[in-house]
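Number of protein chains: 2
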Amino acid sequence: MSVPEFSHAFREQLQDLFRWRRDVRHFNRDPVPEPVLDDLLRTACLAPSVGLSEPWRFVRVDDPGRRAAVREDFARCNARALADHMGADALNYARLKLAGLDDAPHHLAVLSHPDPTQGRGLGRGTMPQTTTWSTVMAIHTFWLAATAVGVGVGWVSIIDPERIKTVLDVDPALELVAYLCVGYPAQPASTPELERRGWERRAPERREWIQR
Amino acid sequence: MSVPEFSHAFREQLQDLFRWRRDVRHFNRDPVPEPVLDDLLRTACLAPSVGLSEPWRFVRVDDPGRRAAVREDFARCNARALADHMGADALNYARLKLAGLDDAPHHLAVLSHPDPTQGRGLGRGTMPQTTTWSTVMAIHTFWLAATAVGVGVGWVSIIDPERIKTVLDVDPALELVAYLCVGYPAQPASTPELERRGWERRAPERREWIQR
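Chains as they are written, first to last, in full-length UniProt numbering: chain W, 1 to 212; chain B, 1 to 212.
I should point out that these hints are in silico values taken from the structure, not numbers from a laboratory. In this text, all values refer to a predicted model and were calculated from it rather than measured experimentally. Any given hint could turn out to be false.
To be verified - The list that follows gives simulated cross-link-like pairs (lysine to any residue, SDA-like), each with its CA atoms no further than 25 angstroms apart:
| id | chain 1 | residue 1 | chain 2 | residue 2 |
| --- | --- | --- | --- | --- |
| 1 | W | K165 | B | R212 |
| 2 | W | K165 | B | P204 |
| 3 | B | K165 | W | G121 |
| 4 | W | K165 | B | K165 |
| 5 | B | K165 | W | Q129 |
| 6 | W | K165 | B | R206 |
| 7 | W | K165 | B | G125 |
| 8 | B | K165 | W | E205 |
As the list claims (entries may be wrong) - Take a look, some chain B residues computed to stay more than 12 angstroms from chain W by CB distance:
| id | residue |
| --- | --- |
| 9 | R19 |
| 10 | N28 |
| 11 | R29 |
| 12 | D30 |
| 13 | P33 |
| 14 | A47 |
| 15 | E72 |
| 16 | P105 |
| 17 | D160 |
| 18 | P172 |
| 19 | A173 |
We put the beta carbon where it would ideally sit given N, CA and C, even for glycine.
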């Protein structure tokens with residue numbers, strides 16, 4: 001197989017993909033066909049991983065009892081962590097995620113093996129976090145591929161990772177990296193919801209090099 | 001602006017992009033034009049970030065003295081961390097990175113602010129690592145966009161992050177996430193070099209869901 005040439009048109013659309021990849025909070029409830037989800041998982045596994053260790057573990061959470069327990073944990077963490085020191089404003093933004101948890105037809109937990117035998121340790125001696133970071137890139141790959149087929153992803157991080165691992169009854173040695181809501185978005189948008197609602201804006205100075 | 005429709009052809013090419021995004025170890029020495037590098041940085045900043053915090057800091061390392069000090073740190077970490085317990089085999093694979101450090105026309109360090117005021121703390125109360133993970137996704141975005149314009153990226157992780165921060169004279173509060181070699185690849189390939197050379201193979205079971 002020869003090296004693909006990526007055309008100007010492709011690169012323009014790739015920019016659109018990056019621009020339209022959103023953290024989705026509003027889903028319609030139609031399920032995503034299983035073959036589409038399976039394709040997204042296979043694509044996610046093309047992500048880079050340190051030493052080719054593939055430390056990611058993708059969990060489908062379908063059980064209503066487990067989902068309810070996750071929702072409850074989110075509500076507890078959100079109330080406790082935010083109400084005190086961030087104000088009602090933050091509480092409202094974070095609550096948008098609750099709608100996502102309620103409406104998204106699919107819930108995925110993504111975990112990471114902190115010390116996989118696969119990869120034989122290469123490349124992570126001095127920076128062991130690169131293992132977890134590999135899983136983060138698999139999640140990002142899933143997210144981009146999902147966007148390209150019109151599927152939205154919302155990353156829920158206001159949870160107690162240890163509690164969620166118990167709820168999901170997974171190997172306690174694994175690290176919980178993300179809890180994802182997945183489904184067709186109700187409101188596609190090219191601007192982050194946090195920006196549209198005035199929470200925060202992108203900073204132009206981030207787009208400049210620091211020189212050394 | 002209306003939601004883009006991503007065509008079947010685009011999605012096929014996106015698969016190619018994921019498949020051909022490699023951890024590049026062999027570069028030719030031709031510099032990448034500055035406007036191309038600037039575009040890649042701007043694209044990287046379209047990555048998701050928790051609370052829209054944009055914690056990434058991209059550093060261009062051009063000074064020959066600093067580059068030599070990084071190379072020296074790599075050689076020391078590689079010798080110490082790997083020779084003992086991983087054998088000559090690992091040492092050889094890791095040494096491929098030395099060629100990358102020597103030949104790549106551009107060196108980028110990517111750092112992350114662990115507690116940015118931007119984003120106002122939203123979403124990282126219980127999982128503060130999501131800040132670093134945002135920077136990891138910016139690196140991955142840079143990597144994919146680079147691949148689309150024929151530019152290769154090699155991630156060097158066999159370094160002492162604290163030492164590198166000193167070499168680069170950056171704010172000690174920042175976290176070093178990656179040291180990247182950037183340039184045109186000498187040998188494009190669709191298979192990871194570690195797989196071609198027999199170090200490790202992808203595991204088919206990673207591409208299956210765990211059900212809960």
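Taking the hints in turn, this is what the structure says about them:
Taking the CA atoms of K165(W) and R212(B), the gap is about 11 angstroms. The hint holds against a cut of 25 angstroms. The suggested pairing of K165(W) with P204(B) holds, with an alpha-carbon distance near 24 angstroms, which does not exceed 25 angstroms. Between K165(B) and G121(W) the alpha-carbon distance is near 24 angstroms, which keeps this suggested pair within the 25 angstroms criterion. As the CA atoms of K165(W) and K165(B) are separated by approximately 35 angstroms, the hinted pair breaks the 25 angstroms bound.
As the CA atoms of K165(B) and Q129(W) are separated by approximately 17 angstroms, the hinted pair is consistent with the 25 angstroms bound. Taking the CA atoms of K165(W) and R206(B), the gap is about 19 angstroms. The hint holds against a cut of 25 angstroms. For the hint pairing K165(W) with G125(B), the CA-to-CA distance comes to about 18 angstroms; that is within 25 angstroms, so the pair holds. This hinted pair checks out: K165(B) and E205(W) have alpha carbons roughly 21 angstroms apart, not beyond 25 angstroms.
The beta carbon of R19(B) is not kept farther than 12 angstroms from every beta carbon of chain W, the shortest such distance being approximately 6 angstroms. Non-interface call for N28(B) relative to chain W: holds, since the shortest CB-CB distance, roughly 14 angstroms, exceeds 12 angstroms. With a least beta-carbon separation of about 19 angstroms from chain W, R29(B) lies farther than 12 angstroms from that chain, consistent with its non-interface assignment. For D30(B), the shortest C-beta to C-beta distance to chain W comes to about 17 angstroms, beyond the 12 angstroms cut-off, and the non-interface label holds.
Against the 12 angstroms criterion, P33(B) stays outside the reach of chain W, whose nearest CB is about 14 angstroms from its own CB. Here A47(B) does not stay apart from chain W, with its beta-carbon only about 8 angstroms from theirs, under the 12 angstroms limit. Residue placement check: E72(B) keeps its beta carbon more than 12 angstroms from all beta carbons of chain W (closest about 14 angstroms). Every Cβ of chain W is farther than 12 angstroms from the Cβ of P105(B); the closest lies at roughly 15 angstroms, confirming the non-interface assignment.
Consistency note on D160(B): stated as away from chain W, yet its beta-carbon is not over 12 angstroms from all of that chain's, at 6 angstroms minimum. At roughly 15 angstroms, the least C-beta separation between P172(B) and chain W is larger than 12 angstroms, which holds for a residue marked as non-interface. Every Cβ of chain W is farther than 12 angstroms from the Cβ of A173(B); the closest lies at roughly 14 angstroms, confirming the non-interface assignment.
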